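Protein chains in written order, with our numbering: chain D, 18 to 288; chain S, 1103 to 1400; chain C, -18 to 257.
Hints are computed from structural coordinates only; laboratory data are not their basis. For clarity, every value in this text was computed on a predicted model and none was experimentally measured. Do not take every clue at face value.
Said to hold, decoys possible - Straight-line Cα separation of at most 27 angstroms, DSS-like style, residue types lysine-lysine; simulated pairs: (1) C/Lys(-10) to C/Lys62; (2) S/Lys1242 to D/Lys194; (3) S/Lys1106 to S/Lys1311; (4) S/Lys1321 to D/Lys197; (5) S/Lys1266 to S/Lys1205; (6) C/Lys254 to S/Lys1360; (7) C/Lys55 to D/Lys165; (8) S/Lys1266 to D/Lys197; (9) S/Lys1311 to S/Lys1266; (10) S/Lys1176 to D/Lys197; (11) D/Lys216 to D/Lys194; (12) S/Lys1205 to D/Lys216; (13) C/Lys117 to D/Lys81; (14) S/Lys1242 to D/Lys197; (15) S/Lys1176 to D/Lys194; (16) S/Lys1266 to S/Lys1176; (17) S/Lys1106 to S/Lys1205; (18) C/Lys166 to C/Lys117; (19) S/Lys1251 to D/Lys194; (20) S/Lys1160 to S/Lys1266; (21) S/Lys1266 to D/Lys194; (22) S/Lys1205 to S/Lys1176; (23) S/Lys1205 to D/Lys197; (24) C/Lys231 to S/Lys1311; (25) C/Lys55 to S/Lys1360; (26) S/Lys1295 to S/Lys1205; (27) S/Lys1106 to D/Lys194; (28) S/Lys1251 to S/Lys1266; (29) S/Lys1360 to C/Lys234; (30) S/Lys1266 to S/Lys1106; (31) C/Lys117 to D/Lys194; (32) C/Lys234 to S/Lys1376; (33) S/Lys1106 to D/Lys197; (34) C/Lys117 to S/Lys1311; (35) S/Lys1251 to S/Lys1321; (36) C/Lys62 to C/Lys166; (37) S/Lys1376 to D/Lys194; (38) D/Lys85 to C/Lys117; (39) C/Lys166 to C/Lys254.
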Amino acid sequence: MLDNFAFGQYYPGTSVFHRMDPRMKIILLILYIAGIFCAGTLPSFAVPLLFMVFSIRMAAVPLKMVFKSLKPLRFILIFTFVLNLFFLQGDKVLLDLGFARITREGLVNAVLYALRLVFLVMGSSLLTLTTAPVPLTDGLERLLSPLKAIRFPAHEMAMMMTIALRFIPTLLEETDKIMKAQSARGADFESGNLIQRAKAMVPLLVPLFVSSFRRAGELAMAMEARCYHGGEGRTRLHVLKMARRDYIALALGIAMVAMTVALSRLTAGLI
Amino acid sequence: MELKLDHVTHTYQPGSPFQATAIRDISLTVGDGDFTALIGPTGSGKSTLAQHLNGLLKPTEGTVTLDGEDIHQKGFDRRRVRQQVGLVFQYPETQLFEETVKKDIAFGPRNLGLSEDEIAERVRTAMEQVGLDFENEGDKSPFELSGGKMRRCAIAGVIAMRPKVLVLDEPTAGLDPEAREDLMEMVADLHRKGTAIVMVTHSMDDAAKYCSRTVVLEKGRVVMDGAPREVFSRAEELTRMGLDVPQVLRLGMLLREKGIPFPEDAIREEEAEKALLELFGNRSGPGLQDRKGGRGHA
Amino acid sequence: MNEIIRLEKVSYAYEEDGPRAVDGLDLSFERGSFTAVLGHNGSGKSTMAKMMNGLFLPTEGRVTVDGMDTADEKNTWEIRKKAGMIFQNPDNQLVATVVTDDVAFGLENLGVPPAEMPERINWALEQAGMAEHAFKAPHLLSGGQKQRVAIAGVLAMRPEIIICDEATAMLDPQGRREVLSVMEKLNREQGITVIWITHFMEEAVRFSRLLVMDRGRVVMDGTPAEVFSDEEKLERMHLRLPVMARLSMKLRKENGDIPLCLTAEDLAREAEKRWN
Chain D
18 MLDNFAFGQY YPGTSVFHRM DPRMKIILLI LYIAGIFCAG TLPSFAVPLL FMVFSIRMAA
78 VPLKMVFKSL KPLRFILIFT FVLNLFFLQG DKVLLDLGFA RITREGLVNA VLYALRLVFL
138 VMGSSLLTLT TAPVPLTDGL ERLLSPLKAI RFPAHEMAMM MTIALRFIPT LLEETDKIMK
198 AQSARGADFE SGNLIQRAKA MVPLLVPLFV SSFRRAGELA MAMEARCYHG GEGRTRLHVL
258 KMARRDYIAL ALGIAMVAMT VALSRLTAGL I
Chain S
1103 MELKLDHVTH TYQPGSPFQA TAIRDISLTV GDGDFTALIG PTGSGKSTLA QHLNGLLKPT
1163 EGTVTLDGED IHQKGFDRRR VRQQVGLVFQ YPETQLFEET VKKDIAFGPR NLGLSEDEIA
1223 ERVRTAMEQV GLDFENEGDK SPFELSGGKM RRCAIAGVIA MRPKVLVLDE PTAGLDPEAR
1283 EDLMEMVADL HRKGTAIVMV THSMDDAAKY CSRTVVLEKG RVVMDGAPRE VFSRAEELTR
1343 MGLDVPQVLR LGMLLREKGI PFPEDAIREE EAEKALLELF GNRSGPGLQD RKGGRGHA
Chain C
-18 MNEIIRLEKV SYAYEEDGPR AVDGLDLSFE RGSFTAVLGH NGSGKSTMAK MMNGLFLPTE
42 GRVTVDGMDT ADEKNTWEIR KKAGMIFQNP DNQLVATVVT DDVAFGLENL GVPPAEMPER
102 INWALEQAGM AEHAFKAPHL LSGGQKQRVA IAGVLAMRPE IIICDEATAM LDPQGRREVL
162 SVMEKLNREQ GITVIWITHF MEEAVRFSRL LVMDRGRVVM DGTPAEVFSD EEKLERMHLR
222 LPVMARLSMK LRKENGDIPL CLTAEDLARE AEKRWN
């Protein structure tokens, strides 16, 4: 029932993007997000757009894979678009529905927000497509580790992510098994109204919780038995090292933000 | 009652890159009174096959019929097949969820839409059948029971639906020797009282001891199907598949290699005992007592 | 040979004033020994195991591993490094999403320099027969393979003792064979002390020493031949003789000359001697 859930979305490859330091890829994503939020006008979006096209080419990832990540977001996308459409009320009315008006400013604003959302998701999916879970969590942990000074649990967060990724397939399998076992006892998960359906979930959720807690306890003990005692004094198998390509990418990223800001300023009056 | 699989093939995620055919062209009939062992190496499709028996999985090709009616045809009441064919998964105790043992066992009968009186009666009988104490254990939380009893409670939840066929996927996995033996006796008892049993097992000794029929799966196909004695006579093929053979059979093979005429068809412990006593006991055979004088019945 | 683990008057209760899961154990294990611990569910075997690497601390008494007291906090990590542990559920002891990274987990915890890791990981995977699966995701492996990854993870830390707490209970016969043969090899070739908790009688016959536990105490302690010669006592402990042992004992009643045989090979050999 759940077996066609596409797990993770790493797309193995050897492109420059794949070989880049995961930390730099995360920094690039942050820069990129900064860039799309600095783009305050439609023409200024040309820069992030070009950067995205260039990145996808460099990553050698099929365009289809990048767009696939947008699919689950289509409702949120439509919702924010409509909301923004009516939210900002300008002077140039394009359409008057009586109870609400669509203005030119509102339309531009809605398009901008929709574009930002689309590019944000595409950027993030490009990161996960080109970075396997292990380096991704490694990179995240090391980027966040300076924050340990202010007691930010960088190591714990990364460990949690790793364990979550490790156990998602196991828990999906288990969910499937329990669902089938309860169906074998005549449980019905598919029909009835909302309340009936919610109630039908109890025989699934209780065993799932019970077993997850048991798993958590056993895993904690197994980790302790293997000398796990938090992040302190821990070394890592994978040594991350920045290469020339990483610094070039950083330079390009900064240039992208600068150009977006400049273009945004220059075109601010046009619309 | 007749449950029949006719040329059943099942492919997981057809058309995707993960496409995998788990069982191929399987034809199999389960009738009243059968006690069938389903054996095969891990990944041979036993669990997939088991899930076709009560309609949890739908064949990609072929049909499953219950008393002549296709269980996947439109208008066929799914509850009927769920009621007639009970399925106990591996480690079934993981499906317990209710506050009390009684309530958990009542889950199945309640889903069948039975009256409260009927449900109560079924819960009581099911608990008796699996050897749980209705008075003392009925109101306990199932999570307070010992491992072996939790398993029995879960099985009771399926038995309470009064199935004509009970399919069990490795019912003794993870239990200690005594609990294993008790559980197998309980299953044998259900069989004696008229429930047809299909049991997925890795224990060839159990297959030899309890079953009337053994079906061997390899790579999703039925490669052997017959009385345990017939199937286990093909020991070499079974070993090649990475399967065990009953220990008694192995002993027999070793003995015959050494020229000792141990019967070829002995697969159960009591058969071996009888044969060994005939060969080496006091009464007959050129046993040692000829030389040293029997010290036999001490 | 000298002793590597020692339990002195050790008791353990899960709750204060609760029943004792382990009750007054006095016991030691020789360096390089190969011991199986038998007992029905709830006999205290698992609790005992968890005291031998400081996961549980005794409520009473003292456990020492290679001379180090497990109750002394500064010994904890040294003891766990020395005494590795494999658990029952293959799924619930692997941490990482790739086999190599999981084997690295223990080394990372010990603070081993990254440059040393690949060699130790490869060696450990090689020993466990899992080298060809180094870059697979654990959820795609069979139960027996997962357990062997867990063994590799422990092995990479270069332990002197490996405690297997019903490591084969959830495996199919093939997985059980694979895991036990790996442990036999490690004991033979690397001299690792193995403590193997099980309720499969057929596995127990392969060890040189058997302990039988009941109600938190060791009630039988000896070679398999010694332990299995007392069928009545085993039955009282809710255990069963292996099939071959049972057959040879029946035969012994009739023909007093046949000794206790633990495997089909033994029984066939003894029978042959008496046939000619």
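So, going through the hints one by one against the coordinates:
The straight-line distance between the Cα atoms of C/Lys(-10) and C/Lys62 is roughly 24 angstroms, inside the 27 angstroms bound, and the hint therefore holds. For the proposed pair S/Lys1242 and D/Lys194, the alpha carbon gap of about 25 angstroms is at most 27 angstroms, so the pair holds. Distance restraint check for S/Lys1106 and S/Lys1311: the Cα-Cα separation of roughly 25 angstroms lies within the 27 angstroms cut-off, and the hinted pair is therefore satisfied. As the CA atoms of S/Lys1321 and D/Lys197 are separated by approximately 23 angstroms, the hinted pair is consistent with the 27 angstroms bound.
Between the alpha carbons of S/Lys1266 and S/Lys1205 the distance comes to roughly 23 angstroms, so the proposed pair stays at or under 27 angstroms and holds. In summary, the hint linking C/Lys254 to S/Lys1360 is supported, as the alpha carbons are separated by about 10 angstroms, within the 27 angstroms threshold. As the CA atoms of C/Lys55 and D/Lys165 are separated by approximately 25 angstroms, the hinted pair is consistent with the 27 angstroms bound. Proposed proximity of S/Lys1266 and D/Lys197 is supported: the alpha carbons are some 19 angstroms apart, at most 27 angstroms.
This hinted pair checks out: S/Lys1311 and S/Lys1266 have alpha carbons roughly 22 angstroms apart, not beyond 27 angstroms. Restraint check: the Cα-Cα separation between S/Lys1176 and D/Lys197 comes to about 21 angstroms, which is no more than 27 angstroms; the hinted pair holds. Using a Cα cut-off of 27 angstroms, the hinted pair D/Lys216 and D/Lys194 holds, with the two alpha carbons roughly 19 angstroms apart. Proposed proximity of S/Lys1205 and D/Lys216 is supported: the alpha carbons are some 15 angstroms apart, at most 27 angstroms.
For the given pair, C/Lys117 sits about 26 angstroms from D/Lys81 by alpha-carbon distance, which is consistent with the 27 angstroms threshold. Note on S/Lys1242 and D/Lys197: the hinted pairing holds, with a Cα-Cα distance of about 25 angstroms set against a maximum of 27 angstroms. Between the alpha carbons of S/Lys1176 and D/Lys194 the distance comes to roughly 25 angstroms, so the proposed pair stays at or under 27 angstroms and holds. Pair hint S/Lys1266 plus S/Lys1176 holds up; C-alpha atoms about 23 angstroms apart against a cutoff of 27 angstroms.
For the proposed pair S/Lys1106 and S/Lys1205, the alpha carbon gap of about 33 angstroms is over 27 angstroms, so the pair is violated. Restraint check for C/Lys166 and C/Lys117: satisfied, since their Cα atoms lie roughly 24 angstroms apart, inside the 27 angstroms limit. The suggested pairing of S/Lys1251 with D/Lys194 holds, with an alpha-carbon distance near 21 angstroms, which does not exceed 27 angstroms. Proposed proximity of S/Lys1160 and S/Lys1266 is supported: the alpha carbons are some 20 angstroms apart, at most 27 angstroms.
About 23 angstroms separates the Cα atoms of S/Lys1266 and D/Lys194, which keeps this hinted pair within 27 angstroms; it holds. Pair hint S/Lys1205 plus S/Lys1176 does not hold up; C-alpha atoms about 32 angstroms apart against a cutoff of 27 angstroms. Of the supplied pair hints, the one linking S/Lys1205 and D/Lys197 holds, its CA atoms being roughly 19 angstroms apart against a limit of 27 angstroms. For the suggested pair C/Lys231 and S/Lys1311, the alpha carbons sit about 19 angstroms apart, so the restraint of at most 27 angstroms is met.
Between C/Lys55 and S/Lys1360 the CA atoms are separated by roughly 60 angstroms; this puts the pair beyond 27 angstroms, and the hint is violated. Using a Cα cut-off of 27 angstroms, the hinted pair S/Lys1295 and S/Lys1205 holds, with the two alpha carbons roughly 25 angstroms apart. Under the criterion of a C-alpha separation no larger than 27 angstroms, the hint pairing S/Lys1106 with D/Lys194 is consistent with the structure, at around 24 angstroms. About 23 angstroms separates the Cα atoms of S/Lys1251 and S/Lys1266, which keeps this hinted pair within 27 angstroms; it holds.
A distance of roughly 24 angstroms separates the Cα atoms of S/Lys1360 and C/Lys234; the hinted pair therefore holds under the 27 angstroms criterion. Restraint check: the Cα-Cα separation between S/Lys1266 and S/Lys1106 comes to about 14 angstroms, which is no more than 27 angstroms; the hinted pair holds. For the suggested pair C/Lys117 and D/Lys194, the alpha carbons sit about 23 angstroms apart, so the restraint of at most 27 angstroms is met. For the hint pairing C/Lys234 with S/Lys1376, the CA-to-CA distance comes to about 13 angstroms; that is within 27 angstroms, so the pair holds.
Taking the CA atoms of S/Lys1106 and D/Lys197, the gap is about 21 angstroms. The hint holds against a cut of 27 angstroms. A threshold of 27 angstroms between alpha carbons decides the hint, and for C/Lys117 with S/Lys1311 the separation of about 40 angstroms lies outside it, so the pair is violated. For a cut-off of 27 angstroms, the pair hint linking S/Lys1251 to S/Lys1321 is broken: about 34 angstroms separates their Cα positions. About 20 angstroms separates the Cα atoms of C/Lys62 and C/Lys166, which keeps this hinted pair within 27 angstroms; it holds.
Our distance criterion of 27 angstroms between C-alpha atoms is broken by S/Lys1376 and D/Lys194, whose separation comes to about 44 angstroms. Distance check on the hinted pair: D/Lys85 and C/Lys117 sit about 25 angstroms apart at the alpha-carbon level, within 27 angstroms; holds. Note on C/Lys166 and C/Lys254: the hinted pairing is violated, with a Cα-Cα distance of about 31 angstroms set against a maximum of 27 angstroms.
The structure fails hints 17, 22, 25, 34, 35, 37, 39 (numbered hints given earlier, in ascending order).
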